[in-house]
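J.: Spelled out from the first residue to the last, the chains are:
There are 2 protein chains.
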Amino acid sequence: MDRRRFMRTGALGGVAAAGLAAPALAQTAPRIRWRCASAFPPVFDALHGGALDLARFLREATDGAFEIEIVPPGGLGPVSGLADAAIGGAVEMTHTASHYYIDKDPAYALGAALPFAMNARALEAWLLAGGGIDLLNGFFEGQGLRYLPGGNTGAQMGGWFRREINAVQDLKGLKIRAVGLAGEVMKRLGAVPQPLPVEAIAPALERGELDAAEWVGPYDDEKAGFAKLAPFYYYPGWWEGSLSLSFLVNKDAHDRLPPTYRSLLAMAARAVTIEMQGKYDFRNPAALARLVAGGAQLRPFPQDMLNAAFDAANKLYGEIAGRNPAFKTIHDSMMAFRAETYRYQQVPEYTFDTFMMIKQREGALGGA
Amino acid sequence: MDRRRFMRTGALGGVAAAGLAAPALAQTAPRIRWRCASAFPPVFDALHGGALDLARFLREATDGAFEIEIVPPGGLGPVSGLADAAIGGAVEMTHTASHYYIDKDPAYALGAALPFAMNARALEAWLLAGGGIDLLNGFFEGQGLRYLPGGNTGAQMGGWFRREINAVQDLKGLKIRAVGLAGEVMKRLGAVPQPLPVEAIAPALERGELDAAEWVGPYDDEKAGFAKLAPFYYYPGWWEGSLSLSFLVNKDAHDRLPPTYRSLLAMAARAVTIEMQGKYDFRNPAALARLVAGGAQLRPFPQDMLNAAFDAANKLYGEIAGRNPAFKTIHDSMMAFRAETYRYQQVPEYTFDTFMMIKQREGALGGA
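Chains as they are written, first to last, in the numbering used here: chain A, 27 to 394; chain B, 27 to 394.
Among the hints, erroneous ones may be present.
Chain copies aren't distinguished; within one or between two, either way the pair holds.
Claimed, not checked - Below 27 Å or equal to it, Euclidean Cα-Cα: the simulated DSS-like pairs (lysine-lysine) are:
| # | residue 1 | residue 2 |
| --- | --- | --- |
| 1 | Lys198 | Lys385 |
| 2 | Lys354 | Lys277 |
| 3 | Lys385 | Lys341 |
| 4 | Lys130 | Lys213 |
| 5 | Lys213 | Lys385 |
| 6 | Lys385 | Lys354 |
| 7 | Lys254 | Lys130 |
| 8 | Lys341 | Lys277 |
| 9 | Lys130 | Lys277 |
| 10 | Lys385 | Lys130 |
| 11 | Lys213 | Lys341 |
| 12 | Lys213 | Lys277 |
| 13 | Lys277 | Lys198 |
| 14 | Lys249 | Lys277 |
| 15 | Lys130 | Lys201 |
| 16 | Lys130 | Lys249 |
Since the hints were derived computationally from the structure, they do not count as laboratory data.
Assemble the whole structure, with the sequences as input and the hints as a guide.
T.: Encoded structure:
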């Protein structure tokens, strides 16, 4: 190397090769700054925490190189527009419940919850081990999105009613807050569904513009303050035997991520799912106890209403599948596993849990 | 800067600050090579896959900087010695079921499974959101280990019996493969428990040295080939309403990891949990159907046996807690949540699942 060239480049080449961090490693941690629009107000900390936890996982794992700023709802207009915000690139991603967007295509519901689908363990099994994520991405990528499940609420409650529901005909004319395909099923049972955002529910109940409202479950519903407005608290939430929240990521932004970050994102979303499920499962029991102590009247939905809703849901799925091949492909796979899992769960899972519930009722588990 | 100094250091300082990867980022990806001893033979791919998945997640997220080599069972002597191998530093970590090591201290059982504890959702909720991991580490750190839950099997089956069990007295003298505190409960019911490693089970059944054996559930049991040797397949596995697998990490090795890698490890272990649970939940239904088609005789355990085992387990816990404060602290917390969760689960979860199971039995879910 002549002196001139050495003066120009220094000893850099040699030193870097011998002692400095290898470029390959350095290149795995490029600085990325994304924004994620959450569909869930911060007061609902388990839901909103899904995006916060994802951001924290990525920040810690990359020492701050991959940062995601969480935009709370309202920051990008109504929650009903967040899928389009991610598709259009106003944000790189949104954390939401994809059934909020069934007006774009009913297949959006399949990434979140369907009436009479599956409990959380079964839904996650289908998503992660049963090819569900890939099937869903066959649809979502056509929308310009990458679908990453992130969070689950478990089985939801059936919501708050101002008066008792003793049979399916009591739904006639009932103005109820409902979202996703549950709204259409409700309509077919005679109710008047209204897909209100959460902040509009309590005011509508107060003004008498709603007769009933479902949101999530005890931990969230307690904060929303529905108990004083509509005291009959029904179960189960047959439209959300579990609800998969998801990160809907702009497809181009996802494709441009280095492979290490794509892997990190997928792993972090899985961690979000188990963390959120854990928060709900740990906190719901005490919240329900407080709600009941405060006057909430627990009621099971009448059996004839469940049966009518089940039949209406199946009819609806058949109609949608008949005109929407993407919906049919994904739905067929989900339903095939639903039959298998609900046969299997009757054996070790249900019998173990039933025994433990009997012991709880006998007082043999103590406490609570 | 004079020419002499410039000649010595080159333009390195300036160039690095302006254009090269910042040292802080490079330092976040030091090369780490660990070994993890798996307690589970590769043929049991869901269990063995826990360690493989962890290694894959870390490799992908660090572009190969953090590599974990998986040592299959046998590579470090018997599975019963793997906790000590991690404590002594022969390997940095083991992926195992911590109740294999109750001879060291019965509190090891609390990191895996206890008879009549909780289903998988509830156990994970207690671990992740209920302070369980921290409580367990209060014990495990005293052992020189860091406990990271990683994987769950869900509710296990009650295992394979050469003859029918119609009442608790049929357990008298029964030689049964059992591990953890379940062995002691079995003994108190009159059985003769034997904590055999999995590869020893089928030969012992063939030679008549065992009358019964439990391993995991349909997906794994099918591979182990027990159906031909002991055709009565009982449920539920009351000693493992769920089983948390775990990574037991040498504490000093864990403490020496950079913070980014500690975060990655914790996140990856959570991802392992949901992945493994998904694999079992997705594959067990078809495996059970094949086993039954092949001649396995499904039987529920008799109620009086479940009741006697429940009482014996409670008595055992009281005795251990009376002499072992670490066990008592963790166990009290777990049992307080057990009472809460089994009251709560009766409301939305159980009623939704029961309705779906009724529909399955009516044939209304189709398939299967």
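J.: Each hint: holds or not?
T.: Evaluated hints:
no.: 1; hint: Lys198 to Lys385; result: between (40 Å within a copy, 25 Å between copies)
no.: 2; hint: Lys354 to Lys277; result: within (23 Å within a copy, 51 Å between copies)
no.: 3; hint: Lys385 to Lys341; result: between (40 Å within a copy, 15 Å between copies)
no.: 4; hint: Lys130 to Lys213; result: within (19 Å within a copy, 62 Å between copies)
no.: 5; hint: Lys213 to Lys385; result: between (40 Å within a copy, 23 Å between copies)
no.: 6; hint: Lys385 to Lys354; result: between (43 Å within a copy, 21 Å between copies)
no.: 7; hint: Lys254 to Lys130; result: neither (35 Å within a copy, 54 Å between copies)
no.: 8; hint: Lys341 to Lys277; result: neither (33 Å within a copy, 57 Å between copies)
no.: 9; hint: Lys130 to Lys277; result: within (17 Å within a copy, 52 Å between copies)
no.: 10; hint: Lys385 to Lys130; result: neither (48 Å within a copy, 31 Å between copies)
no.: 11; hint: Lys213 to Lys341; result: within (13 Å within a copy, 54 Å between copies)
no.: 12; hint: Lys213 to Lys277; result: neither (34 Å within a copy, 58 Å between copies)
no.: 13; hint: Lys277 to Lys198; result: neither (43 Å within a copy, 63 Å between copies)
no.: 14; hint: Lys249 to Lys277; result: neither (35 Å within a copy, 41 Å between copies)
no.: 15; hint: Lys130 to Lys201; result: within (24 Å within a copy, 62 Å between copies)
no.: 16; hint: Lys130 to Lys249; result: neither (31 Å within a copy, 46 Å between copies)
This entry does not satisfy hints 7, 8, 10, 12, 13, 14, 16, going by the numbered hints stated previously.
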